[in-house]
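Chain by chain, the residues run as shown.
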Amino acid sequence: MQTPFSQKERQEILDRYFAEHRQWLDLDFQSVTSGGNAGTPASPEKDMLAASLAGLLDLYRRNLPVLPLSRCPFTQQVLYHSLDPFGIDGPWWNYTAPVHPVEYVMPGFHSLTGALRLQEPVEKAPFLCVPGPGIPYVVPEILSDDHIRAVLSSTPVGKHTGYLIVYFTDDPGVRVPRMNRWGANRWELLDRRGTFTWGEFSPPESRFDFDLRSWIEKEKLLWILPQDSTLSLRRGSADCPFLACTGTKKIQRIRNGKLPATGEKEDI
Amino acid sequence: MEKREGEPKTLLIAKDHVRPLIDRFGMVKNELSGLFDLPASSATADGAALAWWQARTDEEQYTFRAALAALASPVLIADTGVNIRNERLIDTHVLLPSLRWNDPAFLVASENGGKQLRLEYLQKADLFTNTLFLYLESGAPAYTMEMKFEIPVLDFAVLLACTDLRQRARFRALLDHAVFPSVYKSGDIAAGLTEGIAYPDPRWLLPFALPVLHLKADALTPDSLRQSLERLAKTGLVKIDRDTVAFTEPGEKFAESAGGRISSIRLDLFGVDASGVPGRQSVILIRGEHLLWYAGVGGKKADTVVVTSITLDQAGELLKELFTPAAAPKPVVPAKPAAAPAVAQVAAPAAAPQKASAAGGAKKFCPSCGKPLRQGLKFCSSCGAKIS
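Order-wise, the sequence lines are chains A and B. Going by the working numbering, the letters in the first sequence line up with residues 1 to 268, in that order. Going by the working numbering, the letters in the second sequence line up with residues 1 to 388, in that order.
One thing to keep in mind: the hints can contain errors.
Said to hold, decoys possible - Covered, in the sense of this in silico footprint (three residues per stretch, anywhere, with C-beta under 8 Å from a C-beta of chain B), are these stretches of chain A:
no.: 1; segment: 18-26
no.: 2; segment: 74-86
no.: 3; segment: 98-105
no.: 4; segment: 198-211
Unchecked claim - Only some residues are given here: those of chain B computed to face chain A with a beta carbon under 8 Å:
no.: 5; residue: G26
no.: 6; residue: M27
no.: 7; residue: V75
no.: 8; residue: P97
no.: 9; residue: L99
no.: 10; residue: F171
Stated by the list, open to error - Some, not all, of what chain B presents toward chain A, calculated at C-beta under 7 Å:
no.: 11; residue: V28
no.: 12; residue: W53
no.: 13; residue: A69
no.: 14; residue: S73
no.: 15; residue: S98
no.: 16; residue: R100
no.: 17; residue: A274
Think of the hints as simulated: they come from the structure by calculation, not from any bench. A quick note: this is a predicted structure, and the numbers were derived from the prediction, not measured. Glycine residues also receive a C-beta, built at the ideal position from the N, C-alpha and C atoms.
In isolation and in its complexed conformation, chain B is listed as follows:
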């Protein structure tokens, strides 16, 4: 059957062929090319790679050459993990060779026990971001609420551990026909945190989020946990009473929504800007039954997480922005309803899903050249393209 336009083209290449071919063709490499763990060139690998290359058809060579160029000099690599209804985890790398939104991209994954790379050519990057959006869109319409907090990464990990603990306790209560608990022992939180770090089971929020939290191995001590809980209490997310912890109303809203999520997406983005300067940005999106949560790792302070409830439209804009690496990835805080309180607060959910305001503050980029746009302009100041 013939391939239709826009369908991904799948290519398989032995991992140890990649570097020898990149070197043989004199391809330009940048800082990000080292992120893929590819075996170095050697005389044997070079010979095998060459023989393999010469056996490819012209058409295969064209596509492989583009893929090799992208592996040698990507401008964005997005390590992506998607967890859908706690049933399956999709892990892939997205490779963008162009700074412009919606230029061709590649999906990269390991095959055959890590011996091969599977490369899927995407004619447009939005073939991938649209898929991510569909995972967030599934279920009932997402409401938004006036809730935003910025906390240290460790505190966010503790909050996720509390959320997982709450969910576990609820499952147990359901099995035991018992009342749902609302108070948790800090010792259980510590155990949950340790277990979440030790056993990378992505069905739980903390282990799912850990790869993008970049938590230092020695960050967790009894003292640091106590301090984290105290800070979470000051933020207004939990209440502490001696050695027990309970969620406040805002905390409960987050824990209930995130704990019973439909899907969650983690993105770890590595990019270089037009001058080749590298940057990194991590984002977690959690789709609850009624709310959609954004957690951006590395706000203005590198070791903090900004958590806020966003609309689907804002999530769509955010995905587009993240995959338009006009500059090195910088922390992105999506547009937020006005007057976001510093301390977590909860407002009643809107009666109907809110439309994201186009001028709501999210940084916009020119759809033509990818340069950042100044607000209020009808034309891109860089390339002159009309902005709808």
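This is chain A alone, in the form it adopts within the complex:
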């Protein structure tokens, strides 16, 4: 196993994981339907599968790429953050139970949010994936704070195009709530003092602003040119490729490769 894993190595882990997960679900179903929990004898096979599944998830977590994704406009530090860049079928994208290493971020980091322009057909994974809208956006109630700036960049996620909107702050005591991590229903991180913190804040898309031009012109939103390996921060709306993005403004929810229709009740 390479660190970080290659696409092939990742696929091998996921194939094994999903196959064993199905077996575990079958065994679980059998045990529940075979006369009740109280009288059900312990199943060594199920326990072994559970241990194997935990091991596979740990292997996935330990070998997840931690990528240079953005740059803090206050300190010029590069933000390194975990991401599964090979597709949204990796458990990093599991909305309710994301698998990722503890994020050890620099002092200026505030929140990592994002959007994803999907290319059909979408990968199948037995969990809910919520990669955000199809075009980049900002959250005015976060970005309006004097101590917050955001940086917009892009990264491939398998065949899709990911847009990262990372919020940074020059005030460690800023009172603006952190946004949920891109693709997850919570945020979690380890600060420089070694304190593990987590929380939940996810405004609906009605509170998103997709008109980025004014934020860029106010220099509240900076941007990084796609495929710029130096992650140089750019200002001004001229030549900003992200202003031409087209796609859905709805938060996308995907399960088993399907985008649920609006109003469909989701099992979250």
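With chain A's structure known, arrange chain B on it following the hints.
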């Protein structure tokens, strides 16, 4: 025993693991990353580095990853040498990955004959600058005097050679129960200069300062030495009489204080600004028994040294400023009492240590965002933080 918050965390990594891991993780590199002499990646080194990495615990990996990112893309590297009472020399590199004052930093040093790097994680950069300040603070309170001069780098080297020669002659006179000499032959100065360059013994001022003076190898010739002494005489630091040289009163003040120093610090700073433009700045701080000297290499003219007496408070501000690389290091001249004369002059030492005036002219930076501050403002014009 558990580590307390703020204590440095020490890490050891083989030098030939660094580049392969930086490359493997796709870390962003900048111009300064090449300053550390690190072996290039190879298939063998890559395999060994990977095996080593996978054997690290999660916690070790987090800290090593931050250290590798800092080595790949530092915004400031400060090569630091500290000489305390001529007894020991501490040589270390300080690595800042952030443009903001007091963000986490790393100390980097070679271990095991240069095969390993020792990295110490500092939660705040001032854990290091406070240590430097303590070396300057030791001893009696530092007075300041109205003395400032700007001379070419070569002249400063000659002045330091004269100071070393004076100190040597004094030691010899003490051993011989002789009178302290006050006149030196220019031939002895030339010999001292040559010896100081040839033998890097950091117990003497000239060899200690040489790494940050960036003196060109061919700069020293009999002619250039004579011209230097003539310029020092014009500046008012020495008097020349045929082939003998003596210190004037201002020169004697400098030589006595710097020659009998308690500690000295040399800093060679390499930085990049927000646009990635590199810069370099060198500073020497010499703590005499009663005076504290600042020598900044590369003033407005790149090949000059600005020498001035400063207070401890000013030294503290200066250290903070140097380690707040909001922009590429530019020559810094600390706040100076008003009307500094172009020619060296000496005023009587103040009766008590002077407090540095906060608005004394030293460039200040926002403690929150690190941007330069305009004088008189109560709030940072960049981030709005309140300035005390």
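How the hints compare with the structure:
1. Counting residues of the segment 18-26 of chain A whose beta carbon lies closer than 8 Å to any beta carbon of chain B gives 0, which falls short of the minimum of three for the stated coverage.
2. Note: the segment 74-86 of chain A has 6 residues with beta-carbon separation from chain B under 8 Å; the three-residue rule is met and the coverage holds.
3. Here the segment 98-105 of chain A counts 3 residues with a CB under 8 Å from a CB of chain B, which clears the bar of 3, and the coverage holds.
4. Given as covered by chain B, the segment 198-211 of chain A fails the check, having 0 residues with a CB less than 8 Å from a CB of that chain where 3 are the minimum.
5. Restraint check, B/G26 versus chain A: the minimum CB separation of about 6 Å is within 8 Å; hint holds.
6. Taking 8 Å as the C-beta contact cut-off toward chain A, the hint placing B/M27 at the interface holds, the least distance being around 6 Å.
7. About 6 Å separates the beta-carbon of B/V75 from the nearest beta-carbon of chain A, less than 8 Å, and the hint is met.
8. Interface hint status for B/P97: upheld, as the beta-carbon distance to the closest one in chain A is roughly 5 Å, under 8 Å.
9. Look at B/L99: its Cβ gets to within about 5 Å of chain A, closer than 8 Å, so that hint holds up.
10. Against a cut-off of 8 Å between C-beta atoms, the interface hint on B/F171 is violated, since the closest Cβ of chain A lies about 49 Å away.
11. The restraint placing B/V28 at the interface with chain A holds, with a minimum CB-CB distance near 5 Å, inside the 7 Å limit.
12. With a least beta-carbon distance of about 6 Å to chain A, the hint placing B/W53 at the interface is held under the 7 Å criterion.
13. Hint status for B/A69 relative to chain A: holds, with the closest Cβ pair at about 6 Å, below 7 Å.
14. For the restraint placing B/S73 at the interface with chain A, the shortest Cβ-Cβ distance is roughly 6 Å, inside the 7 Å limit, so the hint holds.
15. Contact between B/S98 and chain A, as hinted, is supported at the beta carbon level, the nearest pair being about 4 Å apart and thus within 7 Å.
16. Restraint check, B/R100 versus chain A: the minimum CB separation of about 5 Å is within 7 Å; hint holds.
17. Given hint, B/A274 at the interface with chain A, holds; its Cβ is 6 Å from that chain's nearest Cβ, closer than 7 Å.
Of the numbered hints given earlier, the model fails hints 1, 4 and 10; all others are met.
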